[in-house]
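Use these hints to put chain X onto chain G, whose structure you have.
Chain order of the listed sequences is G and X. For the first sequence, position 78 matches number 379 in the working numbering, and the numbering has no gaps at all. For the second sequence, position 46 matches number 347 in the working numbering, and the numbering has no gaps at all.
Simulated from the structure, these hints should not be mistaken for laboratory data. Please note: incorrect hints may appear among the correct ones.
Claimed, not checked - Heads up, simulated SDA-like pairs for lysine to any residue below, C-alpha to C-alpha not over 25 Å straight-line: (1) X:K421 - X:R442; (2) X:K504 - X:G393; (3) G:K575 - X:K346; (4) X:K346 - G:A312; (5) G:K575 - X:K504; (6) G:K350 - G:F317; (7) G:K403 - X:K403; (8) G:K403 - X:G480; (9) X:K395 - G:L402; (10) G:K575 - G:H540; (11) X:K564 - X:H330; (12) G:K575 - X:K403.
Stated by the list, open to error - Here are some chain X residues pointing at chain G (derived, C-beta under 10 Å): (13) L331; (14) Q341; (15) G364; (16) I374; (17) E383; (18) G393.
Here a beta-carbon is modelled for each residue, glycine too, at the ideal position from N, C-alpha and C.
Number of protein chains: 2
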Amino acid sequence: MRLTILGCYSATPRTFTNPTSQVLEIQNHLFLIDCGEGTQVQLRKYKVKFSRINHIFISHLHGDHFFGLPGLISTFRLLGREKELHIYGPKGIKEAITLFLKLGDSWTNYPLIFHELESKESELILEDSKVSVRTIPLEHRVYTNGFLFNEKEAPRTLDAEAAHRYGVDRSQFNNIKKGFDAMDKNGKLIPNKKLTHDPPKPKSYAFCSDTVYNETVVPLVQEVDALYHESTFLESEAHLCDRTKHSTAKQSAQIAKLAHVKKLILGHYSTRYKSIDFFKEEAQGVFSNVELADDGKVFDL
Amino acid sequence: MRLTILGCYSATPRTFTNPTSQVLEIQNHLFLIDCGEGTQVQLRKYKVKFSRINHIFISHLHGDHFFGLPGLISTFRLLGREKELHIYGPKGIKEAITLFLKLGDSWTNYPLIFHELESKESELILEDSKVSVRTIPLEHRVYTNGFLFNEKEAPRTLDAEAAHRYGVDRSQFNNIKKGFDAMDKNGKLIPNKKLTHDPPKPKSYAFCSDTVYNETVVPLVQEVDALYHESTFLESEAHLCDRTKHSTAKQSAQIAKLAHVKKLILGHYSTRYKSIDFFKEEAQGVFSNVELADDGKVFDL
Chain G
302 MRLTILGCYS
312 ATPRTFTNPT
322 SQVLEIQNHL
332 FLIDCGEGTQ
342 VQLRKYKVKF
352 SRINHIFISH
362 LHGDHFFGLP
372 GLISTFRLLG
382 REKELHIYGP
392 KGIKEAITLF
402 LKLGDSWTNY
412 PLIFHELESK
422 ESELILEDSK
432 VSVRTIPLEH
442 RVYTNGFLFN
452 EKEAPRTLDA
462 EAAHRYGVDR
472 SQFNNIKKGF
482 DAMDKNGKLI
492 PNKKLTHDPP
502 KPKSYAFCSD
512 TVYNETVVPL
522 VQEVDALYHE
532 STFLESEAHL
542 CDRTKHSTAK
552 QSAQIAKLAH
562 VKKLILGHYS
572 TRYKSIDFFK
582 EEAQGVFSNV
592 ELADDGKVFD
602 L
Chain X
302 MRLTILGCYS
312 ATPRTFTNPT
322 SQVLEIQNHL
332 FLIDCGEGTQ
342 VQLRKYKVKF
352 SRINHIFISH
362 LHGDHFFGLP
372 GLISTFRLLG
382 REKELHIYGP
392 KGIKEAITLF
402 LKLGDSWTNY
412 PLIFHELESK
422 ESELILEDSK
432 VSVRTIPLEH
442 RVYTNGFLFN
452 EKEAPRTLDA
462 EAAHRYGVDR
472 SQFNNIKKGF
482 DAMDKNGKLI
492 PNKKLTHDPP
502 KPKSYAFCSD
512 TVYNETVVPL
522 VQEVDALYHE
532 STFLESEAHL
542 CDRTKHSTAK
552 QSAQIAKLAH
562 VKKLILGHYS
572 TRYKSIDFFK
582 EEAQGVFSNV
592 ELADDGKVFD
602 L
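Same shape as in the complex, but just chain G (with noise of 0.2 Å):
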């Protein structure tokens, strides 16, 4: 599972700064989540391919994390794309997209799905034999979602050594990669687990942003992998949290602490604060395993 920051400022795309988009990783798929201004451009700087996108993931409808949406979207119709594209946001996302596309005249060649959200409950969105997507229900200014995305655990694998050593013949090796118990020789019983690998720990990553502090997501995003969980402000600006509900690098970390998460990823930073590094001395203070989100960086996780 591998996590890839395109942008993780808050408010204006800028110079050196992207807004809100990242890029995960997990199955062969290939997630787009979130989509601020110029991400078509950071998809292209950080060589992703674009033809590998089939699920783009809409937090909210703020600028920061959509206004790339439609120029995107119109650039997989130029780079003559004819695979399904699933959009998951906020209901309204179809009319506006719908009417950019129209005002210009334009289409799309390939068929372009929107998955309109309105449960402020958690829902799962997407699964398939091999991951699952959930939404997190967030409490922001404008109906928002985070994203829980979880792999499914792998079939046990056949250990053929162990087989070796039971002394249970090849014969029956197909049975056993099909999940069933064994014989050795001896007509004894081999336990199907003695004969096969366990599957690697399934990963999980959960993305909120933008939130206030909101302790409801803890059972949600309970020991996932990865959270990435915004922290658009330090403590000495917690006042200004509630007005535009946003949370402090603290405040995430306090959640981080209570789903006991294995790594916390802090973004969507105000563009106020000189240095990031701020953040992650904050957050520590509260939970230790805090990584700092930066446009073009990468977590294999």
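Relative to chain G, chain X alone:
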């Protein structure tokens, strides 16, 4: 009169090229012409003061001329703008921008005034004491206008030395400045023209993008100081012009020649070409004074 090219490539923003946007400084106005995705970042890069932009002209509603506008409008709010912002563009632009702001439960603290265009005839859309702006109807896949920016002739200014030479008393200077003739010591009438300097010749700039080859623009851009005319293709790809409603470099030069403009500036290059120098070469076969627009280039006209 100074023109700063923020972006002049067609279709999509890329790492080192930007879609159409330019800033025209004319008589203390800073006019923004078109606003492709990433324009606000280009404005920052080339140190254009956001607060000096009060008028934005949008030629048509294709993404590479327009998708930067919602973000720029939002950024103006974040920067605390209070002054009116006037947007001139095709009918539908107000609905599109308003929908994007509404979906984000956003607003502007400043008056945002739309001037929606739908006439197929050239019309005067802005005029003050120093400058006028007219539309130049173009022929593209959607409703499109170019824009003609004209300085007005400045008042004649007193030539004190000539007045002294003609023996005209200082008491008449105020009247001379107002345009009246004067008398010398002997009561002889001295025409105003002999007592005043000719004002500088007013400058003019025409922006024509996007358009197929279309001679109806010739009378509108007659003898302008600079004509920016799109040249998406070279003649080797002329067969693409009809379908896409674009021009070749040679065709742009033909318009420049027919209209006896002083300088032709080429832009809106297709990104299929390895070098933009080919465009200049091709155009100079027809018209000599050709310059190439490029991102960040400044023309002092």
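Evaluation of the provided hints:
no. : hint            : result
1   : X:K421 - X:R442 : 14 Å, holds
2   : X:K504 - X:G393 : 32 Å, violated
3   : G:K575 - X:K346 : 19 Å, holds
4   : X:K346 - G:A312 : 17 Å, holds
5   : G:K575 - X:K504 : 44 Å, violated
6   : G:K350 - G:F317 : 22 Å, holds
7   : G:K403 - X:K403 : 19 Å, holds
8   : G:K403 - X:G480 : 54 Å, violated
9   : X:K395 - G:L402 : 15 Å, holds
10  : G:K575 - G:H540 : 19 Å, holds
11  : X:K564 - X:H330 : 22 Å, holds
12  : G:K575 - X:K403 : 32 Å, violated
13  : L331            : 19 Å, violated
14  : Q341            : 6 Å, holds
15  : G364            : 5 Å, holds
16  : I374            : 9 Å, holds
17  : E383            : 18 Å, violated
18  : G393            : 5 Å, holds
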